[in-house]
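Please build the complex by placing chain C on the supplied structure of chain H, with the hints as guidance.
Number of protein chains: 2
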Amino acid sequence: MDALNQEADFKVYTPETVKDPDEIKMALTWKAPAGSYSHYPNLQVIGSMGAGVDHLFEDPSLPQHVRLTRVVDAKLSRDMQEFVLAQCLNHIKNLSSYAQSQEQSLWKPMEYGRAAEVTVGILGFGTLGQAVGKKLANVGFQVSGWAKSAKQVAGIKSYTEDQLDVFLESCHILVCLLPLTEDTNGILNNTLFQKLPKGSYLINVARGGHLNDEDLIQSLNSGQLSGAALDVFNIEPLSTDHPFWKRKEILITPHVASMSNAKSVAPQVIENYHRMERGEELLNVVSRDKKY
Amino acid sequence: MDALNQEADFKVYTPETVKDPDEIKMALTWKAPAGSYSHYPNLQVIGSMGAGVDHLFEDPSLPQHVRLTRVVDAKLSRDMQEFVLAQCLNHIKNLSSYAQSQEQSLWKPMEYGRAAEVTVGILGFGTLGQAVGKKLANVGFQVSGWAKSAKQVAGIKSYTEDQLDVFLESCHILVCLLPLTEDTNGILNNTLFQKLPKGSYLINVARGGHLNDEDLIQSLNSGQLSGAALDVFNIEPLSTDHPFWKRKEILITPHVASMSNAKSVAPQVIENYHRMERGEELLNVVSRDKKY
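These protein sequence lines are chains H and C, in that order. According to our numbering, the first sequence holds residues 1 to 292 in order. According to our numbering, the second sequence holds residues 1 to 292 in order.
Chain H on its own, in the form it takes in the complex (with noise of 0.2 Å):
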């Protein structure tokens, strides 16, 4: 922080620093308690640090007249994509199988899938979902995506809000990229599951708010999931009680997918505060009606 004041045209405060709450303009955040921003009657623009923005629309008192901006981020981009692929490999080629045979000595073949002729389906294609299924396909994987609105990706076959369930049919694999809303809260249940062909897997590197934990061990006893990857949950840190740490069909990340970057970050948010400054555009802008 220092040395953005020592070359800046601008002051950057911290909560406890700010002597004169009238002078802020924009504020920089991430999951800050409720009730933060009611107390600068000159805010503008609030940007989230990261992707989500989740945590904004949690807060009752976020004031309505103020613009709000996420990061977007290609650097958080290709983490995620290697992340994603990372975990589709390791599925089709039983590496945690592997490692768990191997605690037996265990010496013990089985079958693998390929990547040509396995389905990935990205629930949630909006600007990094592209990037993962554009990224999963140049490796060879078959990619489907889902959003409300169609896509024109090359390779990639795009359904949109009310082609869900032709959809989930299609996919051995889905990656959960959807950003959390009403709409999406809870949607990995067993509704969905269901829709899938049986003995599918499941990536979830959204939040932990689109899974039903219930429904996702309910989906594991059946066999109708065969096994899921977990980076974010409800509660984080996941409690050491929660009965997903038990689950041989499931690998748990500590929410490591993708971290956002100060040094890539830090540049668009100064651009934002002078399109702010010059009454311009702001980059990345989040609509309050799709809150995404």
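If you're looking for bench data, these hints aren't it; they were derived computationally from the structure. Think of the CB as a built atom: it goes at the ideal place given N, C-alpha and C, for glycine as much as any other residue. Check each hint, because a few of them may be wrong.
Computed list of chain H residues with no C-beta within reach of chain C, every gap over 12 Å [what the hints assert, rightly or not]:
{"#": "1", "residue": "V18"}
{"#": "2", "residue": "G35"}
{"#": "3", "residue": "P41"}
{"#": "4", "residue": "Q64"}
{"#": "5", "residue": "D183"}
{"#": "6", "residue": "S258"}
List of simulated lysine to aspartate or glutamate pairs, EDC-like, C-alpha gap at most 20 Å [what the hints assert, rightly or not]:
{"#": "7", "chain 1": "C", "residue 1": "K263", "chain 2": "H", "residue 2": "E117"}
{"#": "8", "chain 1": "H", "residue 1": "K75", "chain 2": "C", "residue 2": "D215"}
{"#": "9", "chain 1": "C", "residue 1": "K75", "chain 2": "H", "residue 2": "E103"}
{"#": "10", "chain 1": "C", "residue 1": "K248", "chain 2": "H", "residue 2": "E103"}
{"#": "11", "chain 1": "C", "residue 1": "K263", "chain 2": "H", "residue 2": "D213"}
{"#": "12", "chain 1": "H", "residue 1": "K31", "chain 2": "H", "residue 2": "E58"}
{"#": "13", "chain 1": "H", "residue 1": "K195", "chain 2": "H", "residue 2": "E161"}
{"#": "14", "chain 1": "H", "residue 1": "K198", "chain 2": "H", "residue 2": "D213"}
{"#": "15", "chain 1": "H", "residue 1": "K198", "chain 2": "H", "residue 2": "E182"}
{"#": "16", "chain 1": "H", "residue 1": "K246", "chain 2": "C", "residue 2": "E103"}
{"#": "17", "chain 1": "C", "residue 1": "K198", "chain 2": "C", "residue 2": "D183"}
{"#": "18", "chain 1": "C", "residue 1": "K108", "chain 2": "H", "residue 2": "E236"}
{"#": "19", "chain 1": "C", "residue 1": "K108", "chain 2": "H", "residue 2": "D241"}
{"#": "20", "chain 1": "H", "residue 1": "K108", "chain 2": "C", "residue 2": "D241"}
Derived CB-CB ranges, DEER-like [to be verified]:
{"#": "21", "chain 1": "C", "residue 1": "L164", "chain 2": "H", "residue 2": "A266", "range": "41 to 49 Å"}
{"#": "22", "chain 1": "C", "residue 1": "K248", "chain 2": "H", "residue 2": "D9", "range": "50 to 58 Å"}
{"#": "23", "chain 1": "C", "residue 1": "K248", "chain 2": "H", "residue 2": "E280", "range": "52 to 60 Å"}
{"#": "24", "chain 1": "H", "residue 1": "K198", "chain 2": "C", "residue 2": "T191", "range": "48 to 56 Å"}
{"#": "25", "chain 1": "H", "residue 1": "N185", "chain 2": "C", "residue 2": "K248", "range": "34 to 42 Å"}
{"#": "26", "chain 1": "C", "residue 1": "E271", "chain 2": "H", "residue 2": "N185", "range": "52 to 60 Å"}
For chain C alone, coordinates are given in the frame of chain H:
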């Protein structure tokens, strides 16, 4: 075999069903017992059913005048590419480490690697090695390759025989895809590991004979290597009391990186039979000097 016999202009026998040994001109084999070939005085071609041919040279009675071929299979190559990619990503994204944390219900984020910042060295940069290298480079890894002779592959730095040390110095991940010969037997030993950057990761998908098992354990103990993914072993199946099973830094897979596929192998075997009959040059001939 019956299906082949019905339409083919040749007959197929197993060793047990041969009536007239003089009739046999070509043998298709995989790890046949020593001395198997001396029974057939008119043998012209021995075809290995896999990419490796070390099993042929292990037989001291291998007839000198017989031509040797191996399988070069695009599907086998794709399987190997995907398997090595899966292991590289599994390593940089710490997926095996997270599975181990999970056993203790432990939420412990770790620093992760990014493909663009990781150099994967392909030790054995022949046909298969180049295909694997291209796949990794395409996903975003830095890739270098080492072979006896220089190769021209876009975006990949190729090192030759006398540049082994400088090649090794650059590798964060070393992938062994060498043929097994007298020169390469036991090449994965302490002397080689010492030339890698400290904390490097080893992936052996070639032959168990390339690896000195004791030296791997030593290099893991000293931290010179951070871990290894091993798909091949000096004796397979790996005996239940082998120390590798208990090492958390080793991921053991039971020789499953790629498996020869009858549907893609059969046509090139039949093609070679016809070439032999017509006195033409064979496909995928093995050099008796190089032994690959």
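Fill in: Violating hint indices (sorted, rising)
6, 8, 9, 11, 15, 17
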